[in-house]
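Novice: Here is what each chain is made of, one letter per residue.
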Amino acid sequence: MSDKKERRGHSGGGPFGGPHGPGMPPEKAKDFKGTFKRLSGYLRPHQGKLLTVLIAAILSTIFGIVSPKILGDATTLLYRGYTSGDGIDFVAIQKIMLWLGGLYLLSSLFAYIQQYVMASVAQRTVYDLRKEVNDKLGRLPLKYFDARTHGETLSRVTNDMDNISNTLQQSLTQMITSAVTLVGVVIMMLTISPLLTLVVILTLPLSIIVTTVVAKRSQQHFVAQQKHLGELNGHVEEMYTGHKIVKAFGRERQSAEKFEEVNNRLFDAGWRAQFISGTIMPLMGFVGNIGYVIVSVVGGVLVTRRAIEIGDVQAFIQYSRQFTQPITQLANIANVIQSTIASAERVFEVLDETEETPDASAASKPDRPRGDVAFEHVSFGYHEDQLLIKDMNIEVKQGQTVAIVGPTGAGKTTLINLLMRFYELNAGRITIDGIDITSMKRGELRSLFGMVLQDTWLFNGTIRDNIGYGREGATEEEIVQAAVAAHADHFIRTLPEGYDTVLNEEATNISQGQKQLLTIARAILANPAILILDEATSSVDTRTEMYIQHAMNELMKNRTSFVIAHRLSTIKEADLILVMNQGSIIEQGTHEELLAAGGFYADLYNSQFSSRKEAV
Amino acid sequence: MLKLFRYMQPYRNAVLMVLLFTFLQCLAELYLPTLMADIVDIGILTGDIPYIWRVGGFMLLVAALGMLCSIAASYLAAKAASGYGQILRGRVFTHVGNFTLHEFDKLGTASLITRTTNDITQIQQVTIMMLRMMVIAPLMCVGGIIMAVSRDTGLTSVLLIVLPVLALAIFLIAKKGIPLFKAIQVKIDTLSRVVRENLTGMRVIRSFNRMSHEKVRFNDANEDLTATSIKVNKIMGAMMPIMMLVMNFATVAIVWFGGHRINAGHMMVGDLMAFLQYAMMIMFSLIMLSVMFVMIPRAQASAVRIQEVLSLVPEIKDTDKEPAATGQKGVVEFEDVTFYYPGAEEPALSNISFRTGPGEITAIIGGTGSGKSTLISLIPRFYDITSGRLLVDGVDVRDLKQEQLRSRIGLVPQKALLFTGTIADNIRYGKEDASMEEIQHAAEVAQAADFISKMEGGYEAVISQGGSNVSGGQKQRLSIARALVRKPEIYLFDDSFSALDFKTDAKLRAALREETGDAAVLIVAQRVSTVMDADRIIVLDEGRVAGIGTHAELMENSRVYREIVASQLSEEEIA
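From first to last, the protein sequence lines stand for chains A and B.
For the first sequence, position 538 (counting from the first letter as 1) is numbered 538 according to full-length UniProt numbering, and the numbering increases by one without interruption.
For the second sequence, position 210 (counting from the first letter as 1) is numbered 210 according to full-length UniProt numbering, and the numbering increases by one without interruption.
Hints listed in this document are in silico derivations from the structure and should not be mistaken for laboratory results.
Note that this is a predicted model, so its numbers are computed, not measured.
A portion of the hints provided could be inaccurate.
To be verified - Restraint ranges, calculated between C-beta atoms of paired labels, are given here:
id : chain 1 : residue 1 : chain 2 : residue 2 : range
1  : A       : Gly434    : B       : Ser192    : 41 to 47 Å
2  : A       : Ala596    : B       : Asn557    : 36 to 42 Å
3  : A       : Gly434    : B       : Gly549    : 55 to 61 Å
Yeah, the Cβ is synthetic: ideal placement off N, Cα and C, and Gly gets one too.
Use the sequences and the hints to build the structure in full.
Specialist: Shown next as structure tokens:
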């Protein structure tokens, strides 16, 4: 953490933005130039405003830079009047004061204009970018999301965006002002005294040396600190999540020892990094003071020789103080910009992901969906070289039930992924009512299905809205009817707010079974031709389970259903059983056929549903 | 936040020295303009060039001293702040280590992690900032005022007007800005929530074809956030220009009034120049303070969260008594045990009584929320029972040290959890000094030897954090091996076979039967087939015992048991 950057504060940026410590290695972008160009592209629509910001920044800085010189003139007048003994020329001074007042006013005004305009430019740009990313997420195939954690994607939409927005808001204008200040100050100094300017500029290499030496030395400690901190956080996370195990196996002492050891290492690296980077301020201060002293002395001598005026010395002191500041600031900004470009790069990575193949242009759709489903020579694998399903052929007629059976984690979601076209087939085709699903619009295809999974997804909103999610524009009456059919109406009415009960973020205010009833009501409301159901109700008490069973049976009437089956009755009565193991469909047929075949299913059946002597 | 500072005690001297050195540093900084005034008023006025050089040299010396003091302060501050972070981190970690599951439930594991990591880092950063910047600001401010007054008392009246104006401006902007910053945080959270819901509910959203609806939700949140951000940045954008304006006008006023005083012979030009510089220092320190004050609320929030952790007293404390040896081994006994989760209105378990002896298998079955897992977690004393007695080997668990108690137990939790390290390390977690043979044997019994040998590196294969490189079933088998290697007197299996396929499940249970020998075994299960052959089946229903007995007995006299069986087995199989 830097104390440097706060010295002058961000020009009006407020408390946002993570300052980088001197020597803290910034995150680097892979393709700085390309990403930078691309990011600039987002600013193009705001060209006019940006130009305003640029002009305002330059004007504000210039007005700010001229004023010390004018103030110096006033001091010179005072000094002359004082030393000459004719008294001070207050008329002239008043004129200067008025000038100054005006300049200061203008400088502040333009500084504000710059902030004011930049606020909307920065935020609008990020708004557009955020929107684009979100739209993009909507077009990405599920493959993308299944391959990474939600946190990773989320962080690109939030943290990285924040980073970009802060930089646009603060660092960009800061960069302009710093550069203008640097140039302006040098020019002003030169007009006063080239000799003094030379003296001040001579301190410049000194400050560069100081900065690089300190940065180089502190960098390794910052890296070490980061590493230890990561290790420590990892340990904390593991010990807290595994708390029960740590306690049960009595390993508290070892855990504490490891923590202490890493904590000590962190302390060691931490204070070194902090200290070394902390010396930069006194060192730079000293370099600045050297300049100050030299200006005072040399300036003093020059004044006695009548080479320059006393007010010039005063102005010069102010300029020399302003001289080092933009240099360090520019160095800081360079780091900030680097990490911003890295953020932008991550965002662009999302934007560059391959999208789902676009919907067929001349999309066909069954007029009155019946629910005949056929797999014709279907092959599929998540990886090209690892086919899970090879040449699968099944035919399901309207109203039939397909039971999917297999151990937990056998890849039953794969079928859902294919049916709903969340993933594309490697070969073959799937048809619904004889129409190839790839020739339908995805939205229309998916509206043929209803899903009730164990992983109940409900969102933060009222129960009414959650059920109503099944069909846009559903009336109150339809929602209640669906709830009644799903045996959910009763429990909803026992809640204090009834249908207006707001489910909290993790929906912990209703039970798992109740959640499932809501998803069933949602599916009933959607009135799909084909159902995908997960019978697993392991986390539900017996009574609710019974309700769920009734509701599901209700739902399955006259609909083609794919059921991830756990109940023997469902399996036995199914028109087709698909046996899955380790991601592949290994057997298919009816109950009798499969038993007769004596394969995996027969094994499974015998071990699960009949008692055995040797069992514990 | 102040409350937390008592943990800085060991660094009290360092902090005092920081104050001292910072004070000296400020003195040096403040002395420079006075010396410069001397150059102007004495050296230049009289044309005494050697004097100018002399004073110049002296100024360099003062500046160097100031630097040294500042570096010393920086050194001490870095040590104090880092040390403070280290102490705080250690405190919180040890404190949390003593928490029972209840305290974990109360604050939430994720939240506890953030509190121990990010929140403390935040505090540490603000501490160093305070030690360096915040200490300087008031010292500079006060010192600057003193020096300014010493230069010219009359001119100080300018400051008397300017400073309140400046303070007021800062206050007004902060007052408008800070609530908006809070609003922004809320809006960022809303946006994140919408995105998170979209990510987790992707399949549902797409299958219900509600993408456009979700897009509208996102756009609303995005628009809302953007509008507020623009507003807050426009307001905060005024802060710097206004402060600069006040400062600059103050300068103008000083020169104007100073000119009159010089004219009247009350002060000299050098004094005016020094006064100007002091005025700048004072105002800059005020601005610096205002930046600090924006940082403090954030650290304050962290401090409150940490304090919350530290003030939470663990409910379970170890006894001092040495328990009497009873000579029993592998016995667990519940005597009319009733348990309420803290704060709950209804008991999670009521009037539970049973005894399980060495070599016996007791199975517990029942619906969700019936209290199965709760019952298991009472035995290692993760929670204290509300009434009744819970005896292990004939001794009340409250009369045993937690470590003693738990060393007799081998727990296999519902959610298999592994740690970073090799497979051997993970199994050895159950018994620190386990030999390789013992580890291999445990793995074999747990039916894990097969897949371990297939992994690259075998027992030395590294499990990544959270065990993401092994499957659910493999994790469960490893966590069973971990309990087996311990050779405990009491085995607790909390629904530990759920992720296994049926063949492995059967093989494992057969192997277990031989292994557990004289130990007491308690199994929580969902599947009737898992519990059918137990010596004793306890049927739980809403925290009450709805039947105890063997399978055959329960089929006779327990309605709840029959219902469970009926839901899982077909008619002919029940018969």
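Novice: Work down the list of hints and note, for each, if the structure agrees.
Specialist: Each hint tested on the structure:
Separation of glycine 434 of chain A from serine 192 of chain B is about 44 Å and conforms to the stated range, judged on CB atoms against 41 to 47 Å. Taken as a hint, the range 36 to 42 Å holds for the pair alanine 596 of chain A and asparagine 557 of chain B, whose Cβ atoms sit roughly 39 Å apart. At about 57 Å, the beta-carbon gap between glycine 434 of chain A and glycine 549 of chain B stays in the expected band of 55 to 61 Å.
Of the numbered hints stated above, none is contradicted by the structure.
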